[in-house]
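Chains as they are written, first to last, in the numbering used here: chain A, 343 to 665; chain B, -8 to 131.
Calculated from the structure, these hints are not laboratory results. Just so we're clear, the structure is a prediction, and the values are computed from it rather than from any experiment. Idealized CB from N, CA, C, for every residue including glycine. Some hints here could point you the wrong way.
Keeping only pairs whose Cα atoms sit at most 27 Å apart, straight-line, the calculated BS3-like set for lysine-lysine is [unchecked claim]: (1) B/K15 - B/K102; (2) A/K626 - B/K73; (3) A/K416 - B/K74; (4) B/K73 - B/K128; (5) A/K577 - A/K416; (6) A/K628 - B/K102; (7) B/K97 - A/K416; (8) B/K74 - B/K97; (9) B/K73 - B/K102; (10) B/K67 - B/K97; (11) B/K74 - B/K102; (12) B/K74 - B/K128.
Per the computed footprint, the stretches of chain A lying under chain B, defined by three or more beta-carbons under 8 Å from a beta-carbon of chain B, are [to be verified]: (13) 353 to 367; (14) 424 to 433; (15) 445 to 458.
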Amino acid sequence: MENIVERMLSGDRRALARMVTLIENEVPAARRYLAELHHHAGRAHIVGVTGAPGAGKSTLVTHLVRELRRRDAKVGVVAIDPTSPFTGGAILGDRIRMMELSGDPQVFIRSMASRGNLGGLAASTRDVVRAMDAAGYNPIIIETVGTGQAEVEVMRTAQSVLVVSAPGMGDDIQAIKAGILEIADIFVVTKADKPGADQTLAELAMLLSLDSTRRLHDKSLPYWRIPVLKTAAIKDQGIPQVIDAMQQHYDYLVESGMLANRAQRQVRSEIQALVLHAVVNALKAKTTDDEWQKLVEDVTSRERDPYSVASELEERIGLRLPS
Amino acid sequence: MADTRPIRVLVAKPGLDGHDRGAKVIARALRDAGMEVIYTGIRQTPEMIVEAAIQEDVDAILMSILSGAHMALFPKVMELLKKDDVDDILVAAGGILPDEDIVAIKEMGIKGCFGPGTSMDEIIDFVRNNVQADRLKTEV
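When you get a sec, could you build the whole thing from the sequences and use the hints?
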């Protein structure tokens, strides 16, 4: 097990697969491995693909990977599907669409269950991407769970975000709301062979013409004109244009210094998340289920209030001095 | 931090038959039993199944086949698992498997065979009881 890092770095897919399992399950050794992998990562272009359920994310990713393989890239894919809030189980079905990619050892696809994380990713997605990056996959595509309007976590992990919309999923008011549409670096309208595709394109173009995006908030940022592209996977149309746009966005990030800028923001939020996670674990370690039961009952029966209970627990894990 | 993790299972349909209702019912039952189920869809080659099992680092592979091609496809899957040194993965099969083939199937290293009428609980228990326990530990 100790040389799993070396095996992984030398291209052993089983070692990478096992590493992902260790990371995903927060095995104590994983943190040490990740610390080592950090020094080998940082080469990959990390692309997030997000959008509503049924928008066509998996199909788009499949076609993007196929085109990337034509261009000789070694591609990583992390595909996230939701965990059942009731049983903890999950059906991870993104491979169904990616069937034609399976069997190609130059494409590493890993399905992840969200395991209760709410932002569209799994809690350990970033670390799994780091392992794939260290193993030499580039680019790495993250396919989020089918998202609503507010699952924007992918922007904190990916360098370029593709927001996928299908025709007929909403009117133009949807397009000016805050949230997922704001995080797009590239818009892709899928199923362009279907009626209504041109209207969706027009609505997105309208949104962009309002320019309610980042540039208005901060005029010092260099300008990236967000492209609105259309694809029809069933007719194999528009895919090379999306890959070209991804590459152009990456070049823009590098040349403008935004790549470093984003990386710094991401590192900051990552360290915060690690500390927060340690706090959650400390709390778990210093409390019991029975005790929680009692505390919850006390608060629901209004004998106690949640704030003083929280203060007491904060004290116990050393976050607050005894009052 | 839990000291075990969810069991990961690959549900695959090798061969050319297109009926996957049974495979989907099983996938759903395993999900409801708290497992993470990777469903590959229909028309999988042995190479696709084994590569997916490696990348997904699954604990078990359940193959469903109705077409009668099991004696051609199962040995190939088992051979590839051995070749890639991942034959610690639990393998079971379901679908239409004639009684006279069951002995041969089990001799290939396929530990469970489940035909029509098998209860979901039987399959769930089989997976829980036969996945190698040390795979699931999260304390190393």
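Hint check:
1. At roughly 21 Å between alpha-carbon atoms, B/K15 and B/K102 fall within 27 Å of each other, so this suggested pair holds.
2. A C-alpha spacing of about 41 Å is found between A/K626 and B/K73, which places the hinted pair above 27 Å, so the restraint is violated.
3. Restraint check for A/K416 and B/K74: the C-alpha separation of about 23 Å stays at or below 27 Å, so the hint holds.
4. A hinted pair counts as satisfied when its Cα atoms are at most 27 Å apart, and B/K73 with B/K128 qualifies at roughly 23 Å.
5. With a C-alpha separation of about 25 Å, the suggested pairing of A/K577 with A/K416 holds against the 27 Å cut-off.
6. With a CA separation close to 42 Å, the supplied pair A/K628 and B/K102 exceeds the 27 Å bound.
7. At most 27 Å may separate the alpha-carbon atoms for a hinted pair to count; B/K97 and A/K416 exceed this at roughly 38 Å.
8. Pair hint B/K74 plus B/K97 holds up; C-alpha atoms about 19 Å apart against a cutoff of 27 Å.
9. This hinted pair checks out: B/K73 and B/K102 have alpha carbons roughly 15 Å apart, not beyond 27 Å.
10. Straight-line distance between C-alpha atoms of B/K67 and B/K97 comes to about 14 Å, which keeps the hinted pair within the 27 Å bound.
11. A hinted pair counts as satisfied when its Cα atoms are at most 27 Å apart, and B/K74 with B/K102 qualifies at roughly 19 Å.
12. A threshold of 27 Å between alpha carbons decides the hint, and for B/K74 with B/K128 the separation of about 25 Å falls inside it, so the pair holds.
13. Here the stretch 353 to 367 of chain A counts 9 residues with a CB under 8 Å from a CB of chain B, which clears the bar of 3, and the coverage holds.
14. Figure legend: the stretch 424 to 433 of chain A, annotated as covered by chain B; annotation consistent (7 residues with Cβ-Cβ distances under 8 Å, at least 3 required).
15. Evaluation of the coverage hint for the stretch 445 to 458 of chain A: fulfilled, as 8 residues show C-beta separations to chain B shorter than 8 Å, against a requirement of three.
Hint compliance for this structure: hints 2, 6 and 7 are broken, all remaining hints hold.
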